[in-house]
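K.L.:
Sequence:
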Amino acid sequence: MKHRTAFFPGSFDPFTKGHEDIVLRALALFDEIVIGIGHNSSKARYFSLEKMKVAIEKTFEGKPIRVVTYQNLTATVAREVGARFIIRGLRNTTDFEYENSISQVNRHINEELETVFLITSPHLAPISSTIIRDLHRYGSSINQYLPYNLEDEQSN
Numbered sequence: 001m002k003h004r005t006a007f008f009p010g011s012f013d014p015f016t017k018g019h020e021d022i023v024l025r026a027l028a029l030f031d032e033i034v035i036g037i038g039h040n041s042s043k044a045r046y047f048s049l050e051k052m053k054v055a056i057e058k059t060f061e062g063k064p065i066r067v068v069t070y071q072n073l074t075a076t077v078a079r080e081v082g083a084r085f086i087i088r089g090l091r092n093t094t095d096f097e098y099e100n101s102i103s104q105v106n107r108h109i110n111e112e113l114e115t116v117f118l119i120t121s122p123h124l125a126p127i128s129s130t131i132i133r134d135l136h137r138y139g140s141s142i143n144q145y146l147p148y149n150l151e152d153e154q155s156n
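1 is the number of the first residue of the sequence shown in the UniProt record's numbering; add one for each residue after it.
No lab work stands behind these hints: they were computed from the structure. Careful: at least some of the hints might be erroneous.
Simulated pairs of lysine-lysine, DSSO-like, Cα-Cα distance not exceeding 27 Å [stated by the list, open to error]:
1. Lys53 x Lys43
2. Lys43 x Lys17
3. Lys51 x Lys2
4. Lys63 x Lys51
5. Lys58 x Lys17
6. Lys43 x Lys2
7. Lys63 x Lys43
8. Lys17 x Lys53
9. Lys63 x Lys53
Simulated restraints on C-beta separations [what the hints assert, rightly or not]:
10. Lys43 x Glu80: 17 to 27 Å
11. Ser121 x Tyr98: 31 to 41 Å
12. Leu118 x Asn143: 38 to 48 Å
13. Gly139 x His108: 23 to 33 Å
14. Ser48 x Thr93: 24 to 34 Å
15. His39 x Glu111: 19 to 29 Å
16. Arg137 x Lys2: 39 to 49 Å
17. Arg4 x Asn143: 28 to 38 Å
18. Glu111 x Lys51: 14 to 24 Å
19. Lys51 x Thr76: 20 to 30 Å
20. Asn149 x Glu112: 17 to 27 Å
21. Asn149 x Asn40: 23 to 33 Å
Just so you know, even glycine gets a beta-carbon here, dropped at the ideal spot from N, CA and C.
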């Protein structure tokens, strides 16, 4: 059987317990997961990309998971890291509409690429990076939504 590598892309600003859940469940399907933290030039990051990379690496220490950062098309990076699959988590039908379009474009760019959608676990569905950033920005504790402890780290 071939080694099955999957690519899990996102801005992960921050990486949440919902993201962690998708990765852990995907490990039952794939031999290796490469988490790709994409740099979106049209968005300023709230949490440092470097600190997020280290936090994700510590979260999955000892598991067959790599973390990379990238500034290219997701389909191209998936090929570069040896992945034939992209993993995406879906919280709702709005996510599906958006992700479906992206998966079709990715497949056009890299025809060997399959997108695998995993439905977010119900208790984690309300969590979004946007909400977590807003909570943090206005002084609320966010560690309950994260698989690591940000402590009192400052945003960028």
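K.L.:
Has the hinted range 39 to 49 Å been met by the Cβ atoms of Arg137 and Lys2?
P.N.:
Once the Cβ atoms are compared, 44 Å apart, the range 39 to 49 Å for Lys2 and Arg137 holds.
K.L.:
Given the proposed pairing of Lys43 with Lys17, does the C-alpha separation stay at or below 27 Å?
P.N.:
Between Lys43 and Lys17 the Cα gap is close to 22 Å, so the pair holds against 27 Å.
K.L.:
Sort out whether Lys53 lies within 27 Å of Lys17, counting only the CA atoms.
P.N.:
With Cα atoms ~15 Å apart, Lys17 and Lys53 stay inside 27 Å; holds.
K.L.:
Going straight from one Cα to the other, do Lys43 and Lys2 come out at no more than 27 Å?
P.N.:
Roughly 37 Å between the alpha carbons, so the hint for Lys43 and Lys2 is violated.
K.L.:
Note whether the CB distance of Asn149 and Asn40 lies within 23 to 33 Å or breaks it.
P.N.:
26 Å, holds
K.L.:
So does Gly139 sit 23 to 33 Å from His108, Cβ to Cβ?
P.N.:
44 Å, violated
K.L.:
Are the Cα positions of Lys58 and Lys17 separated by 27 Å at most?
P.N.:
It holds: about 14 Å lies between the C-alpha atoms, which stays within 27 Å.
K.L.:
Take the C-beta atom of Leu118 and the C-beta atom of Asn143, compute their distance, and say whether it sits inside 38 to 48 Å.
P.N.:
Violated: the Cβ-Cβ distance is about 24 Å, outside 38 to 48 Å.
K.L.:
Please verify whether Lys63 and Lys53 have alpha carbons no more than 27 Å apart.
P.N.:
15 Å, holds
K.L.:
Range hint 24 to 34 Å: satisfied by the CB atoms of Ser48 and Thr93?
P.N.:
Check passed, 33 Å falls within 24 to 34 Å.
K.L.:
With the threshold set at 27 Å, check whether the alpha-carbon distance from Lys53 to Lys43 stays at or below it.
P.N.:
Holds, at roughly 18 Å.
K.L.:
Please test the hint of 28 to 38 Å on the beta carbon pair from Arg4 and Asn143.
P.N.:
33 Å, holds
The structure fails to meet hints 3, 6, 7, 11, 12, 13, 18 and 20 from the earlier list, while all remaining hints are met.
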